[in-house]
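What follows is each chain in one-letter form.
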Amino acid sequence: MLKKFFSMNRNFTQRLGFGLLTLMAAMTVLPIVAVVIYIISQGGSAISLEFLTGFPRDGMRQGGIMPAIVGTFYLTVGTAFFSVPLGVAAAIYLSEYAPDNWLTRIIRIAIINLSGIPSVVYGLFGLGLFVLFLKFGTSILSASLTLSIMTLPVIISTAEEALRAVPQSFRTVSISLGATRWQTIRRIVVPEALPGIITGVILGLERAAGETAPILFTGASFFLPRLPNSVFDATMALPYHLFVISTQVPEMPFQIQYGTALVLIAFVLGMNLIATVIRSRARARRQW
Amino acid sequence: METNLNDKIVIENFSLQYVDGTESLRNINLRIPRNAITVIFGPAGGGKSTLLRCLNRLNDPADVKTMNGRILIENENILDPKTDIIRLRRKVGMVFARPVVLPMSIRSNITYGLEVMGEKRRSKLNEAVERSLKQAALWEEVRARLDEPGVALSGGQQQRLCLARSLALEPEIILLDEPTSGLDPISTGKVEASLQELKKTYTIILVPHSVQQAARTADFAAFFLQGELVEFSEGKTLFTAPSDKRTEDYVTGRFG
Amino acid sequence: MSNPGNSTGTKSDLSWQEYIITRAIRAAGYSAVVFVALIFYFLLREGLPTLGEVSFSDLFALRWYPIENYFGILPLISGTVIVTLGAALIAVPFGIGTAIFISEIAPRWAREILKPLVELLGGLPSVVLGFLGILVLAPNLRILLNLPTGLTALAGSILLGAIALPTVVSVAEDALDTVPRSYREGAWALGATRWQTIWRVTLPAARSGVLTAVMLGIGRAIGETMTVMMVTGNAPVLAVTPGALFSPVRTMTATIAAEMGEVANGSVHYHTLFFIGMLLFIFSLVINVTASAVVFRSKKRAEKVLS
Chain A
2 MLKKFFSMNR NFTQRLGFGL LTLMAAMTVL PIVAVVIYII SQGGSAISLE
52 FLTGFPRDGM RQGGIMPAIV GTFYLTVGTA FFSVPLGVAA AIYLSEYAPD
102 NWLTRIIRIA IINLSGIPSV VYGLFGLGLF VLFLKFGTSI LSASLTLSIM
152 TLPVIISTAE EALRAVPQSF RTVSISLGAT RWQTIRRIVV PEALPGIITG
202 VILGLERAAG ETAPILFTGA SFFLPRLPNS VFDATMALPY HLFVISTQVP
252 EMPFQIQYGT ALVLIAFVLG MNLIATVIRS RARARRQW
Chain B
6 METNLNDKIV IENFSLQYVD GTESLRNINL RIPRNAITVI FGPAGGGKST
56 LLRCLNRLND PADVKTMNGR ILIENENILD PKTDIIRLRR KVGMVFARPV
106 VLPMSIRSNI TYGLEVMGEK RRSKLNEAVE RSLKQAALWE EVRARLDEPG
156 VALSGGQQQR LCLARSLALE PEIILLDEPT SGLDPISTGK VEASLQELKK
206 TYTIILVPHS VQQAARTADF AAFFLQGELV EFSEGKTLFT APSDKRTEDY
256 VTGRFG
Chain C
3 MSNPGNSTGT KSDLSWQEYI ITRAIRAAGY SAVVFVALIF YFLLREGLPT
53 LGEVSFSDLF ALRWYPIENY FGILPLISGT VIVTLGAALI AVPFGIGTAI
103 FISEIAPRWA REILKPLVEL LGGLPSVVLG FLGILVLAPN LRILLNLPTG
153 LTALAGSILL GAIALPTVVS VAEDALDTVP RSYREGAWAL GATRWQTIWR
203 VTLPAARSGV LTAVMLGIGR AIGETMTVMM VTGNAPVLAV TPGALFSPVR
253 TMTATIAAEM GEVANGSVHY HTLFFIGMLL FIFSLVINVT ASAVVFRSKK
303 RAEKVLS
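Chains as they are written, first to last, in the working numbering: chain A, 2 to 289; chain B, 6 to 261; chain C, 3 to 309.
Treat the hints as calculated values from the structure; they're not laboratory data. The beta carbon of each residue, even a glycine, is placed where N, CA and C say it ideally should be. One should not assume that every hint holds.
Said to hold, decoys possible - Listed next, with one range per pair, are the computed distances between beta-carbon atoms:
id, chain 1, residue 1, chain 2, residue 2, range
1, B, Met72, C, Arg28, 23 to 31 Å
2, B, Thr245, A, Ala166, 34 to 42 Å
3, B, Pro38, C, Ser184, 46 to 54 Å
4, C, Val288, B, Met72, 38 to 46 Å
5, B, Leu84, A, Phe74, 27 to 35 Å
6, A, Phe74, B, Arg92, 44 to 52 Å
7, C, Arg25, B, Glu175, 42 to 50 Å
8, A, Arg106, C, Thr180, 16 to 24 Å
9, A, Ala35, B, Asp189, 52 to 60 Å
Could you put together the complete structure from these sequences and hints?
See below:
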């Protein structure tokens, strides 16, 4: 009798607990969906050819956001230019060369730290080193360099994971056939890890494309009447533009604000989607 | 130690200890004759694979605690730090227990070793593909689908592909570490038949996956137990009239 | 299988090309250390002069009003602390709850939907959340709680909680995943319900990983800039009571972001902003080193248990 009571009680607790956790998961996830749907519904009507290809007019209250789109594209490419070779090489070092010693542990701690440094502190650092000390000025170059250091940890850790997933036996066989270590890496390991590396790169760049704080004082421009001419020019950028039109411009039409937010999340989530597709395709095709 | 023209490999006072204390070799002296199949056998953990891996320097120095003695191939000590390891590995081919087909086509698997060596001539590469696949008794089965991925082959075919891949480099010595352990009897038979053919041109060292295979294939046989060489002699002697009690016990199946 | 590549270690068998590439790769590997050192150096270089320009008691004072040379950073620190605590109160229970749900309860299909959605949240630019905070969250909070303004620490906490969530969920879920299945099966075999197993076996076994998740989530919240700058109302007043949640505050990050654009390089104000950046850097350093030390220790313990 007592036993039966307890077991009922236990089942009741479990059901209550599971229900609670389900509710929590739903409350975590549903707002995300709601946010995306809301922005699409509010901003969708703003999207037009003029909006995507035109310059802002009338104190940004009208016209398009093309310079911000182009600027974010430039910054993303600039970031990739620095962070991809460096990040992938660092990942290769950690996965293929690094001995298990204190120095490697310090490198790993440094990478963890890089990933934890607040984005605005990256902005300060970029200001101190690139803008002022190296005299690159407030420019695409300074901003790209700042963003690329910020994205390094993402690229390094995902790329390293992808490299480590390549079976050790491939390396052993390649070495036993007289290949050098670098030949093994270049011909076998990197090609096999490529989808994973690309996924990591896109996820890193996605973060860079959506960041505002690191470019505030290193390369972002409030408003430019024309596109930047060189890497030493400042540029408009989507996230900064959204910040500007939602806090600095009075009587800003909601439609343009939501439209800008929509383009920004489309840009960022589009990259995310590409990364996801590459990853799942590679997983499906993998033969080891 | 006197050199015998018939010895391809001479191992002198060779000892090795791993950092983690697993499997070590103690004071091995062994002469491996050319153009014959030498079988190295014994219970697991006896140091067979370790020895094999030393012969083309595949051991990770980070795992090795101490290594003493000499291993001479054609009178050249391959443990010498000045040894060109890349050249050594081309001269000493290796086939592993599990067939590891590189993630590329059948053809590229074979030409890989030549390409990393710098060979670019198509004619040379094609020639090597055909020759080595024939030597490994795989040519007829795959000639029509050389550009398909190597992993599409069956297990037995994959292992012969791995053998062909080593042969493409025209090595002098072929090391085989339980090459048939995962194969069915028919595939095993094919591999063993190829070996009998290959020993005319190559020096073959085989770690067999069973005593039966050892007895079937051995021209010469070395029995390893717990890191020591117990007995070495011609195959027919060792398997029919072993001189050491421990060898006899193992061969007759009393332990291991 | 061992890593035989190391045996190409003698120089004579490396071609010059291989030698250069290997060197370049190693240099890239060390770069992360160089960058952390450089960042710290520049923060010190630009931030330490503050200590010569502003007296210690003025720096740790209650008034931040740079135009009149008041550089008291306590209000900013209190702003960061209260917003972060509020965010933790949201992100920790919801993050761990969601992680448990994903790893222990959810059927496969739900997991396949939930994980990308959480990742999606992690990918949303913080400026977008700040933007929605201004237009949607703050007005509703104002009406709901009958406040003079919705741009408060609470708005910041809610959004920061959302930003910290993906970190907490993914790290905690990883930790739960690494708990060996045999632990759970053992508990079930002893007659425990799944619910009891989660609370008495799985969660305790993963506790160091879950702790790491909480710490990294808090680190993420402390460092977040744009969202808090946009929705917390930016009032540098000391916030120490729970009631301060319902009034405007200003965090350290938001102060740097809002003011750095307008200061003269090399001024006291400039140096002080760098000094605040230096404090943030040290916070994140401490949090991350501790978090990784926790993970490292627990890994060692797990190895011991399993071997």
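Comparing the hints with the structure gives:
1. As the Cβ distance of Met72 (chain B) to Arg28 (chain C) is approximately 26 Å, the hint placing it in 23 to 31 Å holds.
2. At roughly 50 Å, the beta carbons of Thr245 (chain B) and Ala166 (chain A) sit outside the given window of 34 to 42 Å.
3. For the pair Pro38 (chain B) and Ser184 (chain C), the supplied restraint of 46 to 54 Å holds, since their beta-carbon distance comes to about 51 Å.
4. A C-beta distance of roughly 45 Å is found between Val288 (chain C) and Met72 (chain B), which places it inside the suggested range of 38 to 46 Å.
5. A hinted range of 27 to 35 Å for the beta carbons of Leu84 (chain B) and Phe74 (chain A) is inconsistent with their spacing of about 57 Å.
6. A C-beta distance of roughly 50 Å is found between Phe74 (chain A) and Arg92 (chain B), which places it inside the suggested range of 44 to 52 Å.
7. With their beta carbons about 33 Å apart, Arg25 (chain C) and Glu175 (chain B) fall outside the hinted range of 42 to 50 Å.
8. With their beta carbons about 20 Å apart, Arg106 (chain A) and Thr180 (chain C) fall inside the hinted range of 16 to 24 Å.
9. Judged by the Cβ atoms, the range 52 to 60 Å given for Ala35 (chain A) and Asp189 (chain B) holds: they are separated by roughly 59 Å.
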